[in-house]
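Heads up: the sequence lines are chains A and B, in that order.
Following UniProt numbering, the numbering of the first sequence begins with 1 at its first residue and continues without gaps.
Following UniProt numbering, the numbering of the second sequence begins with 1 at its first residue and continues without gaps.
Just to be clear, a hint being listed does not mean it is correct.
Note that the list lumps identical chains together, so a pair holds whenever it fits in one copy or between two copies.
Stated by the list, open to error - Under the rule of at most 25 Å between Cα atoms (straight-line distance), these lysine-lysine pairs were calculated in the PhoX-like manner:
| hint | residue 1 | residue 2 |
| --- | --- | --- |
| 1 | 263 | 230 |
| 2 | 345 | 357 |
| 3 | 230 | 52 |
| 4 | 263 | 42 |
| 5 | 185 | 292 |
| 6 | 39 | 66 |
| 7 | 230 | 153 |
| 8 | 39 | 52 |
| 9 | 345 | 52 |
| 10 | 185 | 66 |
| 11 | 263 | 39 |
No wet-lab data here; the hints were simulated from the structure.
For reference, the chains in residue letters:
2 protein chains.
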Amino acid sequence: MSTENNRQIKLGAFFMIPGHHVAAWRHPEAEAHSVLDFKFYKKLAQTAERGKFDMVFLADGYAVSKRFPAALEQTVSVRPEPLTLLSALSAVTEHIGLAATVSTTYNEPFHVARKFASLDHLSGGRAAWNVVTSSHDEEALNFNQQVHLLHEKRYDRAEEFLNVVTGLWDSWEDDAFLFDKEAAKFADGSKAHTLNHEGKWFNVRGPLNVARPVQGHPVIVQAGASEPGKELAARTAEVIFTAWQTLEEAQAFYADVKGRLAKYGRSPDSLKIMPGVFPIIGRTVEEAEAKKRQLEELIPVEAGVSLLSALISFDLSGYDVDGPLPELPQLAQVNGGKSRFTLLKDLAEREGLTIRKLYQRIAGARGHREILGTPAQIADQLEEWFVSGAADGFNIMPPYLPGGLDDFVEFVVPELQRRGLFRTEYEGTTLRDRLGLSRPIHPASLQPANIAALS
Amino acid sequence: MSTENNRQIKLGAFFMIPGHHVAAWRHPEAEAHSVLDFKFYKKLAQTAERGKFDMVFLADGYAVSKRFPAALEQTVSVRPEPLTLLSALSAVTEHIGLAATVSTTYNEPFHVARKFASLDHLSGGRAAWNVVTSSHDEEALNFNQQVHLLHEKRYDRAEEFLNVVTGLWDSWEDDAFLFDKEAAKFADGSKAHTLNHEGKWFNVRGPLNVARPVQGHPVIVQAGASEPGKELAARTAEVIFTAWQTLEEAQAFYADVKGRLAKYGRSPDSLKIMPGVFPIIGRTVEEAEAKKRQLEELIPVEAGVSLLSALISFDLSGYDVDGPLPELPQLAQVNGGKSRFTLLKDLAEREGLTIRKLYQRIAGARGHREILGTPAQIADQLEEWFVSGAADGFNIMPPYLPGGLDDFVEFVVPELQRRGLFRTEYEGTTLRDRLGLSRPIHPASLQPANIAALS
Numbered sequence: 001m002s003t004e005n006n007r008q009i010k011l012g013a014f015f016m017i018p019g020h021h022v023a024a025w026r027h028p029e030a031e032a033h034s035v036l037d038f039k040f041y042k043k044l045a046q047t048a049e050r051g052k053f054d055m056v057f058l059a060d061g062y063a064v065s066k067r068f069p070a071a072l073e074q075t076v077s078v079r080p081e082p083l084t085l086l087s088a089l090s091a092v093t094e095h096i097g098l099a100a101t102v103s104t105t106y107n108e109p110f111h112v113a114r115k116f117a118s119l120d121h122l123s124g125g126r127a128a129w130n131v132v133t134s135s136h137d138e139e140a141l142n143f144n145q146q147v148h149l150l151h152e153k154r155y156d157r158a159e160e161f162l163n164v165v166t167g168l169w170d171s172w173e174d175d176a177f178l179f180d181k182e183a184a185k186f187a188d189g190s191k192a193h194t195l196n197h198e199g200k201w202f203n204v205r206g207p208l209n210v211a212r213p214v215q216g217h218p219v220i221v222q223a224g225a226s227e228p229g230k231e232l233a234a235r236t237a238e239v240i241f242t243a244w245q246t247l248e249e250a251q252a253f254y255a256d257v258k259g260r261l262a263k264y265g266r267s268p269d270s271l272k273i274m275p276g277v278f279p280i281i282g283r284t285v286e287e288a289e290a291k292k293r294q295l296e297e298l299i300p301v302e303a304g305v306s307l308l309s310a311l312i313s314f315d316l317s318g319y320d321v322d323g324p325l326p327e328l329p330q331l332a333q334v335n336g337g338k339s340r341f342t343l344l345k346d347l348a349e350r351e352g353l354t355i356r357k358l359y360q361r362i363a364g365a366r367g368h369r370e371i372l373g374t375p376a377q378i379a380d381q382l383e384e385w386f387v388s389g390a391a392d393g394f395n396i397m398p399p400y401l402p403g404g405l406d407d408f409v410e411f412v413v414p415e416l417q418r419r420g421l422f423r424t425e426y427e428g429t430t431l432r433d434r435l436g437l438s439r440p441i442h443p444a445s446l447q448p449a450n451i452a453a454l455s
Numbered sequence: 001m002s003t004e005n006n007r008q009i010k011l012g013a014f015f016m017i018p019g020h021h022v023a024a025w026r027h028p029e030a031e032a033h034s035v036l037d038f039k040f041y042k043k044l045a046q047t048a049e050r051g052k053f054d055m056v057f058l059a060d061g062y063a064v065s066k067r068f069p070a071a072l073e074q075t076v077s078v079r080p081e082p083l084t085l086l087s088a089l090s091a092v093t094e095h096i097g098l099a100a101t102v103s104t105t106y107n108e109p110f111h112v113a114r115k116f117a118s119l120d121h122l123s124g125g126r127a128a129w130n131v132v133t134s135s136h137d138e139e140a141l142n143f144n145q146q147v148h149l150l151h152e153k154r155y156d157r158a159e160e161f162l163n164v165v166t167g168l169w170d171s172w173e174d175d176a177f178l179f180d181k182e183a184a185k186f187a188d189g190s191k192a193h194t195l196n197h198e199g200k201w202f203n204v205r206g207p208l209n210v211a212r213p214v215q216g217h218p219v220i221v222q223a224g225a226s227e228p229g230k231e232l233a234a235r236t237a238e239v240i241f242t243a244w245q246t247l248e249e250a251q252a253f254y255a256d257v258k259g260r261l262a263k264y265g266r267s268p269d270s271l272k273i274m275p276g277v278f279p280i281i282g283r284t285v286e287e288a289e290a291k292k293r294q295l296e297e298l299i300p301v302e303a304g305v306s307l308l309s310a311l312i313s314f315d316l317s318g319y320d321v322d323g324p325l326p327e328l329p330q331l332a333q334v335n336g337g338k339s340r341f342t343l344l345k346d347l348a349e350r351e352g353l354t355i356r357k358l359y360q361r362i363a364g365a366r367g368h369r370e371i372l373g374t375p376a377q378i379a380d381q382l383e384e385w386f387v388s389g390a391a392d393g394f395n396i397m398p399p400y401l402p403g404g405l406d407d408f409v410e411f412v413v414p415e416l417q418r419r420g421l422f423r424t425e426y427e428g429t430t431l432r433d434r435l436g437l438s439r440p441i442h443p444a445s446l447q448p449a450n451i452a453a454l455s
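Okay, chain A solo, but in the shape it has when bound (with noise of 0.2 Å):
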């Protein structure tokens, strides 16, 4: 297989330490001990630029689930503040992206743009957003709320958020820092720009006290896969994280979603679509099942009936989880997340699975594709999608750490470059140059008589 034109795959690396497979802090070689140790992160990023990834990428939330106890002795529940990390990151690095995971749900617009233009700038233009609403009850409660915001609203106020931080990015236009020490004159004034925001979730005037970042904009990374999701990415989102099992589906997805750009004035190549990818890699398939049976026997019953709740929004503890999954409520009736849901039951109905199956099937990915075999195997599954409008790259989230991580940048990333299919060498500076994303023009570029003069 070959593509056409110089079309190349996008590699993110989904850290969770030590590892995605919810066992994985059990597996040999997992250091289930450096969860909170800078030293270990700064290893793992520092190999994940060598394997000329595009970015680093990292998940949250904001609760310690306490629905089952034996689960929380059971699993890692502790973690660095993702934003902290990379920032951290940001200065023992020089060309990988940094994109953070934080949510609009519990979150004030100007906190959230002043971190993600800061590290924009500190790290030299390597920061993206992961835009997220937060939908679980255990998070509420830690932010004065006894329930969560229903799917609807928080999408709601995930617009008007996301409207906001993109407006305060454009507070100050690229050319307002003169630096003029004669003149006196440090900032053109007639360049800061007041946002005057007032809408049905905040308020917010504005100027932002960050200048524009080096980016324009940090790039904005979505995974919702909902309609409003979807709708919202269509319109807003540069990156998309997916989940999705099979090559129909994500190809559906994919030409749904890039049907959607049009209307909004945006091209197709504007918006890279990369579903999230477990890849569990053997000097021969036996190897890679071999790890993969290994890992599924290191998960705690209660480990993986939880996880699997978590997933469906349900609680399964009450279940026998050698039989099949109980009547679970109607689509409309669940307020997580409602892609996953549905993938998760259509997954266990098509193969009658048992709860263990499930959970042992969702245990590493988490409802993500899982793939396995050689390294050539790995790249022919990664290719595949990528060649047949499933793709334009894939979140690559490692079984366990570091070890997950080393095999794929040691031996897929080699056969990927090979086949033409990955970058050997960093292009550009910037995340949004090696996404091959256009920086955002400012507004007042755009249009000139409709911005208001600082006053």
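Guided by the hints, dock chain B onto chain A, whose structure is given.
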């Protein structure tokens, strides 16, 4: 002069880029264009670490003031967000403490607890939180409010905020994590504690999703010198950053606050008082005085007036700069920094200063103590306050950067070391070790019967 026992001066390096003087950016040596450049901050932090400073200290604010458009053009209004910057600096330093200002007025305790706990882990126990309240209406406008909270309400909220944060830091006992792969026990659930805080300002369940910080609690820094500020500090602060012009004022404050500690069961050593100091260093007194004049002459009038107006929470822009201060409101009507208001009003009256003379006086130190002279004279002035019950250390505010810090490290630090007043090597491993502060014991070790088991 010499000190009894081994009591030594503690030093903070207060970074305000490109210097504390409002005209610093116009100084010929100032790197005005580097305000958002990580390489510049990295060099500064490494210089401070070479000088064996206890900590880097960063102030903060949440607005670009638009009240004085000319001043906006003449001063630096953009800087990196402090926690983002300190996280990055943690990766390129090994010993120096990292103190960030974060307001309790427009934040959520869960986020703040988590970020400082993360920084403390990633830095190996070097984090400190300067707990402040926000007092400008222009900040309120960026957070959905029209006006900022009244002074008493800000302190009420600050105290509850601090209680929640320290409670969240104690979510996990120090030995809660077992990493026991064989027994499938990552954590001991009985050592995870819910906070279940239900207060006037916040309802926060917990636990925090970060392990107990390396230092137990990151070091608590405060700056308020008003009556509620002093009381909150006596109960909770471990470092106080204050602003005093005269030895007598500083001694009175020192005795006052240290005298309040006993009623909270605290020893005098458990709180370090570190006034801000703005040092102008020359090879001769004449050279230092020339440096001072040079900076004063670089202050644009509008910038000087607006700085003074902001510090006293009163708009002086309509008044003759070569006339006296107008009649100012009574202290009770001031809803800003009350102690700074009193300090500046008294200073102007005592010395009969015009508005211009007053802003020239405060355009550098901003109400803090200015000291000037040769390295030996600078050391004399620090030693005098240190040995006479006015200070445990100082927060050094270089007039311009990097030069002002370079001079301090190269000439003043060795002088202090020769006198036995300052360390020549870092003690211990954490910021607490350097400051001589004990590590907070987890409440479960103090009162086992009072701890709610995880359920």
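Verification of the hints:
no. : hint        : verdict
1   : 263 <-> 230 : within (13 Å within a copy, 59 Å between copies)
2   : 345 <-> 357 : within (13 Å within a copy, 74 Å between copies)
3   : 230 <-> 52  : neither (29 Å within a copy, 53 Å between copies)
4   : 263 <-> 42  : neither (42 Å within a copy, 45 Å between copies)
5   : 185 <-> 292 : between (63 Å within a copy, 21 Å between copies)
6   : 39 <-> 66   : neither (30 Å within a copy, 43 Å between copies)
7   : 230 <-> 153 : within (15 Å within a copy, 43 Å between copies)
8   : 39 <-> 52   : both (20 Å within a copy, 23 Å between copies)
9   : 345 <-> 52  : neither (36 Å within a copy, 59 Å between copies)
10  : 185 <-> 66  : between (56 Å within a copy, 16 Å between copies)
11  : 263 <-> 39  : neither (46 Å within a copy, 43 Å between copies)
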